[in-house]
Amino acid sequence: MTDEIRVIPPAHDPDDVWFWEGVREGRLLLQACADCGVVRHPPLPMCGACHSTDWTTRESAGVGTVHSWIVSVPPGAPSGPGRIVVLVDLADGVRFVANLVDTPVTTVANGMAVRLEFRDCGGTVLPQFVPADPTADGGVA
Amino acid sequence: MSARPAFAGTTVIAGIGHTEYSKDSGRSELQLAAEAARAAIADAGLTPADVDGLVTFTQDANDELLLMRALGIPEVRFLSRTPNGGAGAYGTIQHAAAAVAAGAAETVLVYRAFNERSGRRFGQPNQRVTPPGWNWYLPFGLDTPAKTYALAFQRYMHRYGLTNEDFGRYSVVARRHAATNPDAWFFGRPITLAEHQESRWIVEPILRLLDCCQESDGGVALIVTRSERAHDLPHPGVTIAAASVDHLVEGSVMHNYYHHDLAEFPEAAALGRRLYDQAGLTAADVDAAMLYENFSPVVFLQLEAFGFCGPGEARDFIADGHIDLDGSLPVNTHGGLLGEAYIHGVNNVLEAVRQLRGTAANQLADPERILVAGGSSGLILEAVR
Ligand SMILES: [Zn+2]
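So the protein sequences, as listed, match chains A and B.
Counted from 1, the first sequence has number 40 at position 40 by this note's numbering; the numbering is strictly sequential.
Counted from 1, the second sequence has number 1151 at position 151 by this note's numbering; the numbering is strictly sequential.
Hint data in this document are derived by calculation from the structure and do not stem from the laboratory.
Any given hint might turn out to be false.
To be verified - Not everything, but these chain A residues come out facing chain B in the computed CB check (under 8 Å): (1) Ile8; (2) Pro9; (3) Met46; (4) Ala49; (5) Arg58; (6) Trp69; (7) Val71; (8) Leu87; (9) Ala91; (10) Gly93; (11) Val97; (12) Asn99; (13) Asn110.
To be verified - Quick list of simulated restraints, FRET-style, between CB atoms: (14) B/Gln1127 with A/Arg24: 45 to 53 Å; (15) A/Pro45 with B/Pro1205: 33 to 41 Å; (16) A/Arg24 with B/Ala1194: 49 to 57 Å; (17) B/Gly1280 with A/Phe118: 55 to 63 Å; (18) A/Thr53 with B/Pro1205: 40 to 48 Å; (19) B/Ala1284 with A/Val125: 33 to 41 Å; (20) A/Asp54 with B/Gly1161: 43 to 51 Å.
Since we're looking at a predicted model, the values are computed, not measured.
All C-beta atoms, glycine included, are put in the ideal place defined by N, C-alpha and C.
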């Protein structure tokens, strides 16, 4: 199903180039202030808590829960395969937009536990999520 | 009352003007702006030579100096633009009023004009990422405003157990108000809840087509000046009792995903507190509201944030008829952006002015105070008696 999906690839942005390098290495990197340690997402060039411009990256544990979700139907192909877009409350303490895959739409629920996987989506590798417990109701399709 | 800025209660909207609202104006955006401005200046009983300030949106394509030439305005001494599209729509009035109260200008023309249906359509899918910031959304399929907003609306529906039919009850009201407003694109075309429920899904199960604002061509304009000056003008004007733009850290206009609870609208709640403080009022003092609705759920979130009903109560508030013309808080009496037209929310200000003058198509019985808001920017306008 993923090979039918047309993905708009990320564009070059000097403030997040490190994130996409991490994705290519199979790691979900989050930005953390080098001075006060606050993890922030989306990333910024300065820490709003202490004004430091020094930051480091922290690899996400890749687990969290679904805060909200929609089905994104591709433009111009309303009967085509939809992508489940999720807001994930990461255990790292930040909220992150991604997709939920291998999950029937009828089983998606706010609060469900999910875990990170990297998938090739129409030629673009993206961080995606799958149900944390594939044996739970609604597991792998 | 310490929060009262100099412009609150000392400035007025003295004139309003607009073009027809259509899907294909057949003329340039500059012409729409000039026609709306010409009408607003005439409505105020002024001449172009009286205008010495101009305010519009950062997104407006109409150059101030070209508009000056088109109108024959000989000289201006104040220009300003406000960010954030429709969410910042009412910041234009705040800028104009603040400039007037500070003496930076005497008479400010506020305008917004576009061919948003026949030209560039905001609702069409994005084709590529535009940095900065969009890498976090577009690659994951949030390629339209409907999807982008729906991701937050879902949390509101989940929290309070709403269905799309609940949102449809607002759309029915908006279209009923538009049906008796000759300026509205949907004049004479009310809808039933069943028709709403038969319209196609845009983001299932959250938004249907009839939950979405229109795409419109048109121009609107208005004149802001000092209250004292307006005494000599044909219309007494409506007083700008409050005007504010409120944003909170971690907020976002389009991707407002990072506050703790997405079933609330904290920017609107902050805005409401600010507006009531400035005007020395409470929600109970407001006679009607013009609420920006790019999508119907935004009305629900704003009704709750501004204190017209409690959290999660907007569904019953609307179903029980409170926002109807004969309700306790009539909302979008012209049909709003769903029913009248999408002129980026500025047409809602014109409706508030008409209601307070007593000249609206769906005239309420002597409203005295109207709240006009778009989530993070808003006004309270008061009738001059
Ligand atoms: Zn810091």
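Evaluated hints:
1. Ile8: 5 Å, holds
2. Pro9: 6 Å, holds
3. Met46: Violated, about 13 Å.
4. Ala49: At about 10 Å, which exceeds the 8 Å cut-off, the nearest Cβ of chain B leaves the hint on A/Ala49 violated.
5. Arg58: 17 Å, violated
6. Trp69: 6 Å, holds
7. Val71: 6 Å, holds
8. Leu87: 6 Å, holds
9. Ala91: 16 Å, violated
10. Gly93: Constraint on A/Gly93 not satisfied, violated at 12 Å.
11. Val97: 5 Å, holds
12. Asn99: Given a least distance of 6 Å, the restraint on A/Asn99 holds.
13. Asn110: This interface hint holds because 5 Å falls under the 8 Å limit.
14. B/Gln1127 with A/Arg24: 45 to 53 Å: 23 Å, violated
15. A/Pro45 with B/Pro1205: 33 to 41 Å: 39 Å Cβ-Cβ, so the 33 to 41 Å window holds.
16. A/Arg24 with B/Ala1194: 49 to 57 Å: 51 Å, holds
17. B/Gly1280 with A/Phe118: 55 to 63 Å: 56 Å, holds
18. A/Thr53 with B/Pro1205: 40 to 48 Å: 44 Å, holds
19. B/Ala1284 with A/Val125: 33 to 41 Å: 55 Å, violated
20. A/Asp54 with B/Gly1161: 43 to 51 Å: For B/Gly1161 against A/Asp54, whose Cβ atoms are near 46 Å apart, the range 43 to 51 Å holds.
Taken one by one, the earlier hints fail for this structure at numbers 3, 4, 5, 9, 10, 14, 19, listed in ascending order.
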